[in-house]
Every structure is written in structure tokens, then in C-alpha cells.
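Let the hints inform the model, and build the full structure from the sequences given.
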Amino acid sequence: MSDGKLTRIVIQNIRNVEQAELQPATGLNLITGINAAGKTSLLEAIFFLSRARSFRTHHLKRVIQSGSDKLAIYARIQDNNSQWPLGLEKSTSKQVIRIRNKTVTSVAELTRTLPVQLIQPGCQRLLEDGPAARRHYLDWGVFHVEHDFHNCWRRYYRALKQRNAALRAKQVDIACVLEPELVVWGEKLHNLRKNYVVQLTTQLQDFMSALFPDLDIAIHYRSGWLEKQGLQLSLQDKLARDLERGSTSSGPHRANLEFMIDGTPAESYLSRGQLKMFVICLILAQMKHFQTRQNKSCILLIDDITAELDQRHQQLLIDWASQIDCQTFITAIEAEPLLLRAVQKNGGKRFHVERGHVKEVVQ
Numbered sequence: 001m002s003d004g005k006l007t008r009i010v011i012q013n014i015r016n017v018e019q020a021e022l023q024p025a026t027g028l029n030l031i032t033g034i035n036a037a038g039k040t041s042l043l044e045a046i047f048f049l050s051r052a053r054s055f056r057t058h059h060l061k062r063v064i065q066s067g068s069d070k071l072a073i074y075a076r077i078q079d080n081n082s083q084w085p086l087g088l089e090k091s092t093s094k095q096v097i098r099i100r101n102k103t104v105t106s107v108a109e110l111t112r113t114l115p116v117q118l119i120q121p122g123c124q125r126l127l128e129d130g131p132a133a134r135r136h137y138l139d140w141g142v143f144h145v146e147h148d149f150h151n152c153w154r155r156y157y158r159a160l161k162q163r164n165a166a167l168r169a170k171q172v173d174i175a176c177v178l179e180p181e182l183v184v185w186g187e188k189l190h191n192l193r194k195n196y197v198v199q200l201t202t203q204l205q206d207f208m209s210a211l212f213p214d215l216d217i218a219i220h221y222r223s224g225w226l227e228k229q230g231l232q233l234s235l236q237d238k239l240a241r242d243l244e245r246g247s248t249s250s251g252p253h254r255a256n257l258e259f260m261i262d263g264t265p266a267e268s269y270l271s272r273g274q275l276k277m278f279v280i281c282l283i284l285a286q287m288k289h290f291q292t293r294q295n296k297s298c299i300l301l302i303d304d305i306t307a308e309l310d311q312r313h314q315q316l317l318i319d320w321a322s323q324i325d326c327q328t329f330i331t332a333i334e335a336e337p338l339l340l341r342a343v344q345k346n347g348g349k350r351f352h353v354e355r356g357h358v359k360e361v362v363q
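Numbering (this note's numbering), first residue to last: 1 to 363.
Treat each hint with caution, since some may be false.
Once the Cα atoms are required to be at most 20 Å apart in a straight line, the calculated DMTMM-like pairs of lysine to aspartate or glutamate come out as [what the hints assert, rightly or not]:
1. 161 <-> 242
2. 194 <-> 242
3. 345 <-> 319
4. 194 <-> 244
5. 228 <-> 244
6. 161 <-> 146
7. 170 <-> 69
8. 94 <-> 128
9. 161 <-> 128
10. 349 <-> 336
11. 228 <-> 187
12. 90 <-> 181
13. 238 <-> 173
14. 194 <-> 258
15. 194 <-> 139
16. 345 <-> 334
17. 228 <-> 267
18. 170 <-> 146
19. 349 <-> 21
20. 188 <-> 139
21. 238 <-> 258
22. 238 <-> 181
23. 161 <-> 69
24. 188 <-> 227
25. 94 <-> 79
26. 188 <-> 148
Using C-beta positions, here's what the derived DEER-type ranges look like [said to hold, decoys possible]:
27. 211 <-> 112: 27 to 35 Å
28. 146 <-> 352: 34 to 42 Å
29. 228 <-> 325: 38 to 46 Å
30. 55 <-> 154: 31 to 39 Å
31. 228 <-> 10: 53 to 61 Å
32. 240 <-> 323: 36 to 44 Å
33. 133 <-> 62: 38 to 46 Å
34. 244 <-> 210: 47 to 55 Å
35. 62 <-> 105: 22 to 30 Å
36. 177 <-> 94: 35 to 43 Å
37. 306 <-> 3: 26 to 34 Å
It is worth saying that the hints were derived from the structure and are not from the lab.
C-beta: ideal position from N, C-alpha, C; glycine also.
Put into C-alpha cells, the structure is as follows:
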């Protein structure tokens, strides 16, 4: 499956990478270099091209190369035996997105056009951090397979913002008027998420069986209110408390995912190393589900693969990426034998980064 894969990438003014051009393999791409050489900046650029933001910082000025006023990433995408251009330019005052030579303003359209997932050191925080991280994980998956999701999400959060403003201003009548819209879009959002979790569980179990064949894996979706009561009654029952706090305490913005292994929370059951592999399974399960539903590939970025994974799990991750036929970009300090064998086996390419300069290494 070659649809949705990058055939050319041009990067300008991202951290210490002033100008770089790559023609990556459609399968595995290994990027090596010492610390601070710029290899993670290449992954950051691909991620940026998908989401118009960095995965390393919320501060754009830290991403744009010192002395420059904007960054730019241009690419060509393989799709149905043809190629088309995708580009993003961004400064502190302006953003320009071009898809198939057409200027668009929606970051959601950009993200839908180039789905990208990331595995990085510390990714096990998905289970260790608060519910917001897990809602973000969940919503990425639903967004890419359910056409109605983005509209539901946008309208729900707009109504939520308005209700919270009314609560802070002690405008009870306005808060009550907004409840029907909050309920309609909140329940639609809830149902899309709930159905997605059911589908995702099957994909997750397929990956987890290779690691823990005898364990029972379950995902529990918590709606953010007492489902038997319903969202409307929950909003009404908690109105007094919401007025006191100035925010809405019931709704899908309070949802959570719980991951259970043999009835015990995964974060309590698993070791830290196992927890990272569990999160990797979660990410790959999303990618596999996306591929199955959309018949399109998703790009996988793996930063510093050797940092927290032993060789067995490195090999397993590479094999899984190959099985789901995704274009993969891996960074590592050294081109270790396991990684070189994987590049050769998968018809991949190797790139080396030194002081922000990138060159392909011919095997």
C-alpha cells in the first residue's frame, strides 16, 4: 500500500536544519546522528506538516531557526499511482497551508490529509498522565475514521465554552438555554467515541497477544457522566455545583479511557518497560484500524528507538511496522546491526545527520 506516503520532503529553518531534502523509502527510513545533530528535527518537521505544531514544544519561536522569521516544509505525496504537493509555511504571524496546490485554512484538513503517529521516549505517560492525554489519543483515532467527528467535536466544545462563560458570570438562564445543544452534540460525540473503542479493542488484542498471550486485555470508556442518568439530567443535577466552580463538570470533555489487564489497571500491572510496549501496541492498533477503515497508509515516527527498548522489542516494533505496511522514520545515534539489517530487509534507506545537514548513506 503506497497511498499516503511521502516521496520527497524539503525542510527549511527548523531548529538547526536550515535546508534539507530527502527522498525517503516508502517503507523503512533510518536516520542516524549524534545527539543534537538534528535527526529529531526531521521527525519534528514531518509531524509539523501533519498537525501544524511541534511535538517537542508549544513555543513556535523555539522551532524556527534562530535568525529566520518562518519555517517551511514541502512534500510530495504518493496517491493512487500519482503524486501531489503538500506544503506548510509558518511564522509567528502567519500560516499558509497548501494541499494539491490549493490554499486551505483548516488545520483539520491538513491533519486528515497526512495522518502521522509518533512513538518517542516517555510515551508511556499516555497511561500515567491525566485523562486529557487519553482523550487526545482517542480523538485522533475517531477523527481519522469518522467523518462526522470533527463537526461534533467543534460544536460541542463551542457550546461548552459558552456555557462555562455563562456559569462564571452567574447567568443561570443562559447556561440553561445552552444545555440542549450541549446534550445533542455531547451525546453524538460520546457515541462516536464509544463505538470506536469497541472496534479498537479487537486490533489491540491482536498486537498484545504477541507480548502477553495469556492475559485478558480490556478498554473501558468512561463517558464523563453517569450514563444511566443521561447527560441532560446530570447537567441539571450539578448546576449548583457548576455555578459555584464556574465550569461544567459533566460531559465528554471529562471522559477517560481505562486500560485493564486481568481486571487490574495496566499502569499498576505492568513494569515500566512493559508499559511502553503496551502504549506502542495502542498506537499501532490505531494505525491498523485506520488502514483497515480508510484503505490508506499512516506515517509512523519513532524517535530514539534504542533508548528504552531492548533488541527483542526493537525488532518486534520494526516487524509490526512492516506488517501494517506503514512508512516509518526511525532515529538512532548509531546504525546498529539490527537496524541496518531491518533497512536492508525492508528495502529501506539510511540517512545521516551532522550539524543540521542531511545526506543519504548508500548501503
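Hint check:
no.	hint	verdict
1	161 <-> 242	holds (13 Å)
2	194 <-> 242	violated (25 Å)
3	345 <-> 319	holds (10 Å)
4	194 <-> 244	violated (31 Å)
5	228 <-> 244	violated (25 Å)
6	161 <-> 146	violated (24 Å)
7	170 <-> 69	violated (44 Å)
8	94 <-> 128	violated (36 Å)
9	161 <-> 128	violated (27 Å)
10	349 <-> 336	holds (14 Å)
11	228 <-> 187	holds (13 Å)
12	90 <-> 181	violated (35 Å)
13	238 <-> 173	holds (15 Å)
14	194 <-> 258	holds (13 Å)
15	194 <-> 139	holds (11 Å)
16	345 <-> 334	holds (18 Å)
17	228 <-> 267	violated (28 Å)
18	170 <-> 146	violated (37 Å)
19	349 <-> 21	holds (14 Å)
20	188 <-> 139	holds (13 Å)
21	238 <-> 258	violated (24 Å)
22	238 <-> 181	holds (17 Å)
23	161 <-> 69	violated (33 Å)
24	188 <-> 227	holds (13 Å)
25	94 <-> 79	violated (29 Å)
26	188 <-> 148	holds (9 Å)
27	211 <-> 112: 27 to 35 Å	holds (31 Å)
28	146 <-> 352: 34 to 42 Å	holds (41 Å)
29	228 <-> 325: 38 to 46 Å	holds (43 Å)
30	55 <-> 154: 31 to 39 Å	violated (23 Å)
31	228 <-> 10: 53 to 61 Å	holds (55 Å)
32	240 <-> 323: 36 to 44 Å	violated (54 Å)
33	133 <-> 62: 38 to 46 Å	violated (22 Å)
34	244 <-> 210: 47 to 55 Å	holds (50 Å)
35	62 <-> 105: 22 to 30 Å	holds (25 Å)
36	177 <-> 94: 35 to 43 Å	holds (38 Å)
37	306 <-> 3: 26 to 34 Å	holds (31 Å)
Checked against the numbered hints listed earlier, the structure breaks hints 2, 4, 5, 6, 7, 8, 9, 12, 17, 18, 21, 23, 25, 30, 32, 33; every other hint is satisfied.
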